[in-house]
Every structure is written in structure tokens, then in C-alpha cells.
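So you can see what is in the structure, the chains are spelled out below.
Protein chains: 2
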Amino acid sequence: MKYWEDVELNQSRLSTRSYTLTAQEIIDYAREWDPMPFHIDEAAAKQSPIGQLFASSVHSIAIGVKLGHEMMSEEIAIIAGLGWQDVRFPQPVFAGDTLRIRSTVIDKRASKSKPERGIMTTLMELIKADDSVAVSYKIINLLWRRPDEQ
Amino acid sequence: MKYWEDVELNQSRLSTRSYTLTAQEIIDYAREWDPMPFHIDEAAAKQSPIGQLFASSVHSIAIGVKLGHEMMSEEIAIIAGLGWQDVRFPQPVFAGDTLRIRSTVIDKRASKSKPERGIMTTLMELIKADDSVAVSYKIINLLWRRPDEQ
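Chains A and B supply the protein sequences, listed in that same order. Residues 58 to 207 (the numbering used here) make up the first sequence, in order. Residues 58 to 207 (the numbering used here) make up the second sequence, in order.
Just so you know, not all the hints are guaranteed correct.
Put simply, identical chains are the same to the list, so a pair is met inside one copy or across any two.
Cut-off 20 Å, straight-line C-alpha distance, at most; resulting in silico cross-link-like pairs (SDA-like, lysine to any residue) [said to hold, decoys possible]:
#	residue 1	residue 2
1	Lys165	Pro92
2	Lys171	Pro106
3	Lys123	Ile84
4	Lys59	Asp164
5	Lys103	Ala137
These are calculated hints, taken from the structure and not from any lab test.
Here chain A stands alone, though its shape is the one from the complex (with noise of 0.2 Å):
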């Protein structure tokens, strides 16, 4: 079990998996949850400020939870999610597209209150095969201190 004090600040994390995005699958994820013209139909994206068919933006965040998973191989303490932070789109994912996420801890603190447990905050980029960031989200989680450090 990896606790509070195990975590490492600042080591990145890339996922050894990728997702291919097609258009069909931008069409189909936006025409259920997201039916914006430039989303759902190739002619209004051409018109659009973008130029072209791109992905929802919560479609990009699902892929971004899903290729995280690979991350959550050891078992950590995770007590709860306290919430998202600072969630950006610095750039449109398109059809065609092969996304990585990576993943690295930025901030660690102890909780005052209650001595037992601990907060982190990992920084979440879906990353272009160019090596640019797509997405950015921090996720704000509650962990168990180890319990013989308390």
C-alpha cells in the first residue's frame, strides 16, 4: 500500500497506452452528450473559428480518465476525490489524434485537522504525439498517512 509519505512530488508519469481518436467516434461521444455543430458535423466545423471536426471537451477528459487508469496500478490509500482544478483545453483534440496522459504529483500537504490523513494534488496533461498538451486538469485526492508516521 503506497500512503501519504510514500508519494513522490514532481516525477512525471507517461502512459505506456494511447487512444487513436476517430471521427466517428467525436461524432457519436458528442451527438449523445455535447451535439455542438462543430462537434457533431464535419461541414459546420469547417466553418467554425477552428476549422475543423474536434473533440468534446468532457469526450477528451473521459479519454483522459480512461488512459489513467494505467497510472493507478499500485494500491494507494486513496480515502476520496476532493474535486478537479484548473481544468484546461489549451488546444483542440482532433480525428486522427494519438493521446498519452501524463501524470505528476505537484503538491503534498499534511491535514490540519486530522492527523491521520493527507491531501495531494496530480497534475493531469493528455499529451499529442507531438509532445503538446491538449488538456490539463489537477484532481485533488484525500489519503491515509502511513500509520506508523502519524
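With chain A fixed as given, assemble chain B onto it according to the hints.
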């Protein structure tokens, strides 16, 4: 066209449409995007701290995005989305929950560098039938100011 000047602060709108989740939908979405045992297996969910099957975070946000489309009936002069802030999950979303979305513009400011642009922050809250909040997040958008008032 609704410009930055026309957006009213602190006026909440609740969607008339709602979305009722089934256990099968929770499982199907999570199998694809977020296959944690407590999202895809009722028996495993019973053993988890929540005690029953509940929807993946990204699934509940997708429902918020879907219901939020109703709020976009008036054409708003949005230039771009700048991201999401303060994504919180105060309560799990269960099978059988009937959800609505509430949208409230909670902040407006003029762009300092570009007088023709403004920024608005909209609080989105996914609401259960008992009026409690299951998920909340803030969307930050860049939009045009009214041309004759720059």
C-alpha cells in the same frame, strides 16, 4: 445576440429537461471510460464506502453538459471557453436519480488588455430531485462586448 453587457449576474436558471439514470447506463459508461469496481459491479459497490453503485465523475459531468445545452437557446456572443474551475462532487449520483442542471452567472469582468472582450464565470450545478447538489463546476468563457459600448 446576447453580449457581455446583456448577461445578468446571479440569475439562476433551472433546466426544464431532466435526466434519469439507470444502473445499466452507469455500468456501460464506466466500462468504456472509468472501469472502477464501484462503477461497474453492484456487488463490489456494496462493499465500497459509498455502499452502492454510483456514476463515474466524468459521466455525471457529461450529463451536466448534455442538460446544459438547454441553457444555450439564446445565441450568446462566446468567443472561446477558457476552462473549468472548482469541479466538486458533493454527493454520489445513483441509479434512479433524476437530475437537472442549474446555471448561474456568478462573475463578469471586462478584459483589461482587449476592450472589445469580456469574461464571465458560470456556476453549473447538477441537482437531484430533493434539490441537493450532486456535482458543481464553474465554466469560464470569453465573449464579445456590445460593439456600440466599447
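Structure-based check of all given hints:
1. In this assembly of identical chains, Lys165 and Pro92 lie within 20 Å of each other by CA distance neither inside one copy nor across copies; the values are 38 Å within and 26 Å between.
2. Taking CA atoms no more than 20 Å apart as the test, Lys171 paired with Pro106 passes between copies only; the shortest distance there is 19 Å, against 49 Å inside one copy.
3. Proximity of Lys123 to Ile84 under the C-alpha cut-off of 20 Å is found in both arrangements, the shortest distances being 19 Å within a copy and 14 Å between copies.
4. For the identical chains of this complex, Lys59 and Asp164 are intra-copy neighbours only, at 16 Å inside a copy versus 40 Å across copies, given an alpha-carbon limit of 20 Å.
5. For a Cα distance limit of 20 Å, the shortest separation of Lys103 from Ala137 across copies, 16 Å, qualifies, whereas the shortest one inside one copy, 42 Å, does not.
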